[in-house]
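Undergrad: Whole structure, please, built from the sequences with the hints as guidance.
If you're matching them up, the sequences are chains S and U in order.
Under the numbering used here, the residues of the first sequence are numbered 1 to 311, in order.
Under the numbering used here, the residues of the second sequence are numbered 1 to 247, in order.
Keep in mind that the hints were calculated from the coordinates and are not lab data.
It cannot be assumed that every hint is accurate.
[As the list claims (entries may be wrong)] Using 30 Å as the maximum straight-line C-alpha spacing, the simulated DSSO-like pairs for lysine-lysine come out as follows:
1) K135(U) - K93(U)
2) K135(U) - K6(S)
3) K118(U) - K6(S)
4) K78(S) - K28(S)
5) K141(U) - K93(U)
6) K118(U) - K93(U)
7) K60(U) - K6(S)
8) K118(U) - K141(U)
9) K135(U) - K118(U)
10) K93(U) - K6(S)
[Claimed, not checked] To be clear about the criterion: a stretch of chain U counts as covered by chain S if any three or more of its residues have a C-beta under 8 Å from a C-beta of chain S, and this derived list gives those stretches:
11) 26–38
12) 87–95
All residues carry an ideal CB built from backbone N, CA and C; glycine is no exception.
If you want the building blocks of each chain, they are given just below.
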Amino acid sequence: MTGLGKSLRWPVLILAIIALAVLPTSLKSYGVYILTLWAVYVIAGMGLNLTVGYAGQISLGQAAFLGIGAYTAGLMAKLGFSYLLIVPASASICFLVGLGLGFPALRVQHHYLAFATLGFNMLCFLVFRNEEWLTGGTFGMNDIARPVLFGWHFSRAADFYQLTFGITVVLAVLMALLLRSPWGRAFAALRDNPIRAESVGISTTFYTLMAFAIGAAYAGVAGALFAPLVGFIEPASFTVTNSLAMLLMVIVGGQGRFFGPALGAVIVVLLPEWLRFAADWYLAVFGFMIVVMMVWMPGGLLSLADRWKRP
Amino acid sequence: MTGLLDVTDIHKSYGAIRAVDGVSFNVAAGEILGVIGPNGSGKTTLFNTILGQVAPSSGKVLFEGEDITGLPPLRLARRGIGRTFQSLQVFGKLSVRDNLIAAGQEFLDTPARRLFSKPDAGLGQRADEMIALFKLGHVAKLAAGSLSYGQQKLVDIAMAFIPAPRLVLLDEPCAGVNPALIEDLLALLLQLNSQQGGSFIVIEHNMDFIMRLCGRVMCMAQGAILAIGPGEAIRANPAVLEAYLGD
Numbered sequence: 001m002t003g004l005g006k007s008l009r010w011p012v013l014i015l016a017i018i019a020l021a022v023l024p025t026s027l028k029s030y031g032v033y034i035l036t037l038w039a040v041y042v043i044a045g046m047g048l049n050l051t052v053g054y055a056g057q058i059s060l061g062q063a064a065f066l067g068i069g070a071y072t073a074g075l076m077a078k079l080g081f082s083y084l085l086i087v088p089a090s091a092s093i094c095f096l097v098g099l100g101l102g103f104p105a106l107r108v109q110h111h112y113l114a115f116a117t118l119g120f121n122m123l124c125f126l127v128f129r130n131e132e133w134l135t136g137g138t139f140g141m142n143d144i145a146r147p148v149l150f151g152w153h154f155s156r157a158a159d160f161y162q163l164t165f166g167i168t169v170v171l172a173v174l175m176a177l178l179l180r181s182p183w184g185r186a187f188a189a190l191r192d193n194p195i196r197a198e199s200v201g202i203s204t205t206f207y208t209l210m211a212f213a214i215g216a217a218y219a220g221v222a223g224a225l226f227a228p229l230v231g232f233i234e235p236a237s238f239t240v241t242n243s244l245a246m247l248l249m250v251i252v253g254g255q256g257r258f259f260g261p262a263l264g265a266v267i268v269v270l271l272p273e274w275l276r277f278a279a280d281w282y283l284a285v286f287g288f289m290i291v292v293m294m295v296w297m298p299g300g301l302l303s304l305a306d307r308w309k310r311p
Numbered sequence: 001m002t003g004l005l006d007v008t009d010i011h012k013s014y015g016a017i018r019a020v021d022g023v024s025f026n027v028a029a030g031e032i033l034g035v036i037g038p039n040g041s042g043k044t045t046l047f048n049t050i051l052g053q054v055a056p057s058s059g060k061v062l063f064e065g066e067d068i069t070g071l072p073p074l075r076l077a078r079r080g081i082g083r084t085f086q087s088l089q090v091f092g093k094l095s096v097r098d099n100l101i102a103a104g105q106e107f108l109d110t111p112a113r114r115l116f117s118k119p120d121a122g123l124g125q126r127a128d129e130m131i132a133l134f135k136l137g138h139v140a141k142l143a144a145g146s147l148s149y150g151q152q153k154l155v156d157i158a159m160a161f162i163p164a165p166r167l168v169l170l171d172e173p174c175a176g177v178n179p180a181l182i183e184d185l186l187a188l189l190l191q192l193n194s195q196q197g198g199s200f201i202v203i204e205h206n207m208d209f210i211m212r213l214c215g216r217v218m219c220m221a222q223g224a225i226l227a228i229g230p231g232e233a234i235r236a237n238p239a240v241l242e243a244y245l246g247d
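TA: Structure below.
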């Protein structure tokens, strides 16, 4: 980055955060809903970016964690728990389950690991669908209330967006601190060269498990926000297709790049909405655009910056 | 005799092939031992059995008197044994400076403390010293994977020395490195040996490099030790001449 680019980085970032925080005032309720959905997917995408982009582990199970977080939130909300407990509980449960999903990654890599995580997603989907006593099965779980925190009701779409966006910013800061710490360097070492990592004392076991667990915890928080956003959750929201969409976000944005998931979520969540003018063709146009993007920018949209920097 | 490293009767077989066949030797503290031999003589397999990359079929490896036979690389690294690889093994997307810090950070503090420690894990100065020593200052901020082969080789070697290990095993450090860099590398290794008192075992085909660096040289052929002793004696050994050096 040039000196000018570096000096502009913080002001641009702060302005972007302020603009995104006040954006709902100029949007209708559906627009605010889509924007909140974008923020939810940014959180889940940040977690997946840690697992896939920074630590180099493939995962096709992120939607399962989104589901575990959402159902945990739904159940706890119905039992009358405060969101101050619900969000940490969703994150913690997903952290522990993510830790468990990390174990196959210690044995297998690449497409074998992809299928192991895909199997995990299918397993979770079956639990969401079949354990009706707990999840409501195919009927789903409805009337999930929006949070009330310190007497403040986040029932209005704009208020709930601002809460979600605030949590997104806080989690982004935490992720940035994690990646700047020696742990971030160890995750990158694990991704770049696990054999060398072991030879310099980096425990690939520990960091693989942490990459999955922390990535899952982020999806858990996203799920805890997704449930009150939509108010109704059902197993179809947490299928392998949704996991693929989240992986697409990370890859299209730029895996292993900090702002990759935010940009990727714009493409995956917002772009189909903007293409609705194409009526029945909008998904075909979307698919074609993704193909073109992947062919020309396999490193994701943020890799464009590197191309411009090259002489 | 108990040295820094005592290797006793190491065997490693792959089916009927005896890759390492009853190798015994020791390395004293501060010593540099060279390992030579024709391709396929079992040098790298011997390294890998010592370093826990592959489990030996039988035999024993003692480090500072403690049995380390078959311990995984992670635990050996934490006991003070470093290595470099025959092929390039750097963290390609990390900068040169981050490669060096990554090579030392795990030896400091607990994982929880590392999470909250300074981004450079307190190793920034040490990394900068090694960067200066290896003359990598002009590429310190570049991704290691973008450097030339010779520069990556230097990064690879510098990484092994960051945690100040007591024993480093270097596998063909001169392979693919230009003659000028080889001279620098020789001077560096001698400097690190005299300053840090580290012991090295060096596999290398460059005989001039081996003779100038190593106090003793071990020649292997067909998985076994053909001869071990001072460099000049090995160079004049008829069996070594026949099996490896030629006329």
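Undergrad: Hint by hint, note whether the structure agrees.
TA: Hint by hint, here is what the structure shows:
1. K135(U) - K93(U): holds, 20 Å
2. K135(U) - K6(S): holds, 28 Å
3. K118(U) - K6(S): Answer holds: K118(U) to K6(S) is near 22 Å, not above 30 Å.
4. K78(S) - K28(S): holds, 29 Å
5. K141(U) - K93(U): holds, 11 Å
6. K118(U) - K93(U): With a Cα-Cα distance of about 21 Å, the restraint between K118(U) and K93(U) holds, given a limit of 30 Å.
7. K60(U) - K6(S): This hinted pair is violated, its Cα atoms lying about 56 Å apart.
8. K118(U) - K141(U): Given that 30 Å is the threshold and the Cα spacing comes to 18 Å, the pair holds.
9. K135(U) - K118(U): holds, 25 Å
10. K93(U) - K6(S): holds, 21 Å
11. 26–38: violated (count 0)
12. 87–95: holds (count 6)
The earlier numbered hints that this structure contradicts are 7 and 11.
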